[in-house]
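Listed below, chain by chain, are the residues.
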Amino acid sequence: MTRSAAPGLLIACAILIVGLLVAFTVGRYPIGLADLMSVVAGKLTGREADVPAAVQNVIWQVRGPRILSAALVGGALAVAGTAFQGLFRNPLVSPDILGASSGAALGAVLGIFFSLGVFAIQALAFAGGLIAVAAVYMIGTAVRARDPILVLVLTGVVVGALLGAGVGLVKYLADPYNQLPAMTFWLLGSLSSVAVPDLIPLFGPVAIGTAVLLALRWRMNVMSLPEEEARALGVPTGPLRIAIVAAATLVTSASVATAGVIGWVGLVVPHLARTLVGPDFARLIPAAALLGGGFLLVIDTLARTMAPIEIPLGILTAVVGTPFFIWLLTSVSKTWS
Amino acid sequence: MLFDRRALLSGAAATLLAPRVARAAAVSDDAGRTIQIPAKVERVFTAGPPAAILLYTFAPELLIGWPNPRRPEECELMAADACSKPQVGRITGRGNTANLEVVLQLKPDLILDVGYISDTYISLANRVQEQTGIPYALLDGKFDAMVSTYRKLGALTGRPDQAEGFARYAEQTMTTIKQRIAKIPESERPRVYYGRGPRGLETGLGGSINMETIEFLGAHNVAAERKGGIVNVSVEQVLAWNPDVIITIDGGFAASVRNDPLWAPIKAVQSGRVHLSPHLPFGWVDFPPSVNRLIGLWWLAKVLYPEQFPEDLKPLTRDFYTQFYHKTLTDAQIESVLSGRG
Numbered sequence: 001m002t003r004s005a006a007p008g009l010l011i012a013c014a015i016l017i018v019g020l021l022v023a024f025t026v027g028r029y030p031i032g033l034a035d036l037m038s039v040v041a042g043k044l045t046g047r048e049a050d051v052p053a054a055v056q057n058v059i060w061q062v063r064g065p066r067i068l069s070a071a072l073v074g075g076a077l078a079v080a081g082t083a084f085q086g087l088f089r090n091p092l093v094s095p096d097i098l099g100a101s102s103g104a105a106l107g108a109v110l111g112i113f114f115s116l117g118v119f120a121i122q123a124l125a126f127a128g129g130l131i132a133v134a135a136v137y138m139i140g141t142a143v144r145a146r147d148p149i150l151v152l153v154l155t156g157v158v159v160g161a162l163l164g165a166g167v168g169l170v171k172y173l174a175d176p177y178n179q180l181p182a183m184t185f186w187l188l189g190s191l192s193s194v195a196v197p198d199l200i201p202l203f204g205p206v207a208i209g210t211a212v213l214l215a216l217r218w219r220m221n222v223m224s225l226p227e228e229e230a231r232a233l234g235v236p237t238g239p240l241r242i243a244i245v246a247a248a249t250l251v252t253s254a255s256v257a258t259a260g261v262i263g264w265v266g267l268v269v270p271h272l273a274r275t276l277v278g279p280d281f282a283r284l285i286p287a288a289a290l291l292g293g294g295f296l297l298v299i300d301t302l303a304r305t306m307a308p309i310e311i312p313l314g315i316l317t318a319v320v321g322t323p324f325f326i327w328l329l330t331s332v333s334k335t336w337s
Numbered sequence: 001m002l003f004d005r006r007a008l009l010s011g012a013a014a015t016l017l018a019p020r021v022a023r024a025a026a027v028s029d030d031a032g033r034t035i036q037i038p039a040k041v042e043r044v045f046t047a048g049p050p051a052a053i054l055l056y057t058f059a060p061e062l063l064i065g066w067p068n069p070r071r072p073e074e075c076e077l078m079a080a081d082a083c084s085k086p087q088v089g090r091i092t093g094r095g096n097t098a099n100l101e102v103v104l105q106l107k108p109d110l111i112l113d114v115g116y117i118s119d120t121y122i123s124l125a126n127r128v129q130e131q132t133g134i135p136y137a138l139l140d141g142k143f144d145a146m147v148s149t150y151r152k153l154g155a156l157t158g159r160p161d162q163a164e165g166f167a168r169y170a171e172q173t174m175t176t177i178k179q180r181i182a183k184i185p186e187s188e189r190p191r192v193y194y195g196r197g198p199r200g201l202e203t204g205l206g207g208s209i210n211m212e213t214i215e216f217l218g219a220h221n222v223a224a225e226r227k228g229g230i231v232n233v234s235v236e237q238v239l240a241w242n243p244d245v246i247i248t249i250d251g252g253f254a255a256s257v258r259n260d261p262l263w264a265p266i267k268a269v270q271s272g273r274v275h276l277s278p279h280l281p282f283g284w285v286d287f288p289p290s291v292n293r294l295i296g297l298w299w300l301a302k303v304l305y306p307e308q309f310p311e312d313l314k315p316l317t318r319d320f321y322t323q324f325y326h327k328t329l330t331d332a333q334i335e336s337v338l339s340g341r342g
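Protein sequence lines correspond, in order, to chains A and B. According to the numbering used here, numbering within the first sequence proceeds without interruption in unit steps and concludes at 337. According to the numbering used here, numbering within the second sequence proceeds without interruption in unit steps and concludes at 342.
Treat the hints as calculated values from the structure; they're not laboratory data. Bear in mind the structure is a predicted one, so any value in this text is a computation, not a measurement. Positions of the beta carbon are idealized from the N, C-alpha and C atoms, including for glycine. A few of these clues could be false.
DSS-like, lysine-lysine: derived pairs with alpha carbons at most 30 Å apart [said to hold, decoys possible]: (1) B/K107 <-> B/K40; (2) B/K178 <-> B/K40; (3) B/K107 <-> B/K85; (4) B/K302 <-> B/K142; (5) B/K302 <-> B/K183; (6) B/K85 <-> A/K171; (7) B/K227 <-> B/K302; (8) A/K171 <-> B/K302; (9) B/K142 <-> A/K171; (10) A/K43 <-> B/K314; (11) A/K171 <-> B/K107.
Examples of chain B residues lying across from chain A (beta carbon under 8 Å, computed) [what the hints assert, rightly or not]: (12) E74; (13) C75; (14) M78; (15) D81; (16) G197; (17) R226; (18) V231; (19) V235; (20) L239; (21) P288.
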């Protein structure tokens with residue numbers, strides 16, 4: 001822990017900035033670098049840029065919100081994954097360990113099943129994620145056991161499986177011509193339809209949850225100690241655990257509600273961050289936020305540029321994430337401590 | 001004595017059964033499978049929505065039940081006794097909700113499946129036929145094949161004359177429209193985007209069953225550079241395509257797209273050529289892809305080429321609903337259907 005974290009954080013920052021620049025300049029709608037500069041300059045100086053309205057529209061209404069939400073969702077999922085991995089003292093934990101994604105998925109497919117509007121679908125997904133984790137937490141704490149963390153994980157797995165069955169049932173009952181493809185697309189994750197009005201319900205919960213986790217980052221180091229040792233150090237583990245679970249659930253549910261189910265980010269990025277800045281949560285949390293944002297930005301840029309059709313994010317993150325994770329496990333597993 | 005009586009009984013049974021067996025016909029379906037059809041086909045189990053709609057138009061009394069429940073607003077536009085038939089599930093496609101024992105209990109004379117013909121569906125048909133002993137016919141669900149599908153259905157149910165009426169209607173409609181389309185120069189054929197889903201960002205690639213009528217009408221599907229089914233695209237891609245016409249089946253999307261700043265620069269939105277297809281009791285463009293698309297062809301032709309198709313849709317709609325849906329609509333009902341409400 002003696003080495004400086006500055007280079008690692010700088011690298012993470014650089015990845016995010018380069019990712020943002022590349023993402024803004026490429027896309028299915030052709031926009032030249034000169035057009036982009038003149039639009040941005042126009043916005044900054046308040047003068048009307050000399051470009052077609054459609055170009056302005058693409059930059060501010062389509063590509064901009066999408067890029068911003070990719071960075072937000074990626075950062076949020078990575079931070080939640082880092083927090084959960086620390087809380088559960090387990091490197092294989094991802095943000096959906098307590099059923100947030102399954103709950104959100106069930107909420108969303110129900111919304112599609114009842115032919116609700118887009119915002120109602122997203123609201124149901126968000127609520128589904130929160131309700132699922134609240135239920136898991138209540139069941140987990142009601143069980144009196146020596147190892148409350150283990151009970152919580154097991155409850156999360158069981159409730160997640162039940163919610164998964166619920167998703168399966170709704171898909172089974174859905175009509176196969178219209179609703180089923182919509183559900184499939186949603187469950188595979190996509191940012192293709194993100195627009196400016198989606199940013200507020202995403203940004204609010206993500207900002208609050210991330211702020212809480214950032215504020216708790218020094219205390220999280222203590223949470224990765226065994227329960228007795230943490231208490232001996234005078235840290236109130238119970239309330240702290242609730243705060244971490246609540247904050248991580250908030251950001252995960254908001255992300256899933258906006259972008260659908262995107263796996264791997266919350267699992268892989270924390271490890272990547274750890275190799276960059278070490279295991280200290282004080283640096284790990286900000287590094288994970290930056291790297292997660294950059295990572296999903298790159299993935300989403302690929303998803304929207306490789307073909308005229310959208311490639312589901314969940315598929316790309318798995319294709320990129322799996323070999324990467326195996327490489328991490330075989331070469332740098334020492335850094336987990 | 002006892003022996004004789006039994007012999008006599010079995011002999012009588014044989015003569016009773018004999019005409020039935022003798023009259024049973026071997027008919028080949030659209031997959032080239034030869035199936036034995038009983039002399040009298042009175043109960044038909046339909047494997048999915050396209051088959052159910054085809055059979056309902058042709059002979060509603062043969063329909064045992066619907067793959068999915070019919071909604072009240074649909075029943076208002078259909079023959080009441082046929083519409084109220086029970087939900088019996090479907091046995092093909094992506095979901096398989098009908099239990100084969102239930103199918104057997106319903107005692108169908110024939111199982112009818114209409115749709116895409118592939119090895120998957122052929123093997124499914126063979127398996128179900130083997131398990132249940134009920135003849136299972138696969139008919140081609142392609143829009144182009146509708147005329148021959150009606151004729152084949154006539155052969156399968158022993159009602160060739162009745163089928164001929166439907167086949168001719170379909171043939172005449174398609175020929176009339178095709179002849180007029182042929183005269184339209186390439187440059188006047190619009191570039192069309194088909195938007196499904198609440199945000200209109202699901203579309204059909206080239207050759208997709210959902211795009212058949214649009215392609216039949218010689219319009220250019222902007223997403224046709226790739227072949228396939230329904231996919232997700234981004235608004236940015238739609239902006240790049242900049243279609244002349246947008247067709248949708250989603251009322252929510254149709255209502256929001258006209259005021260959505262994201263979609264505002266698109267040619268179709270600017271020129272007011274965003275069209276919500278009528279969809280009751282069955283979708284006119286797609287959804288489910290069956291005979292319902294035949295009346296949709298007129299609607300779509302008018303939308304794509306308003307000058308070449310000056311016909312009033314109201315009498316056409318009335319005729320089609322009377323002949324195919326067995327329901328004579330009031331003027332108010334026709335207007336409501338055409339508006340895409342409900």
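The hints, checked one at a time:
no. : hint              : result
1   : B/K107 <-> B/K40  : holds (13 Å)
2   : B/K178 <-> B/K40  : violated (38 Å)
3   : B/K107 <-> B/K85  : holds (15 Å)
4   : B/K302 <-> B/K142 : holds (22 Å)
5   : B/K302 <-> B/K183 : holds (15 Å)
6   : B/K85 <-> A/K171  : holds (24 Å)
7   : B/K227 <-> B/K302 : holds (26 Å)
8   : A/K171 <-> B/K302 : violated (36 Å)
9   : B/K142 <-> A/K171 : holds (26 Å)
10  : A/K43 <-> B/K314  : violated (51 Å)
11  : A/K171 <-> B/K107 : holds (29 Å)
12  : E74               : violated (13 Å)
13  : C75               : violated (17 Å)
14  : M78               : violated (18 Å)
15  : D81               : violated (24 Å)
16  : G197              : holds (5 Å)
17  : R226              : holds (7 Å)
18  : V231              : holds (4 Å)
19  : V235              : holds (5 Å)
20  : L239              : holds (5 Å)
21  : P288              : holds (5 Å)
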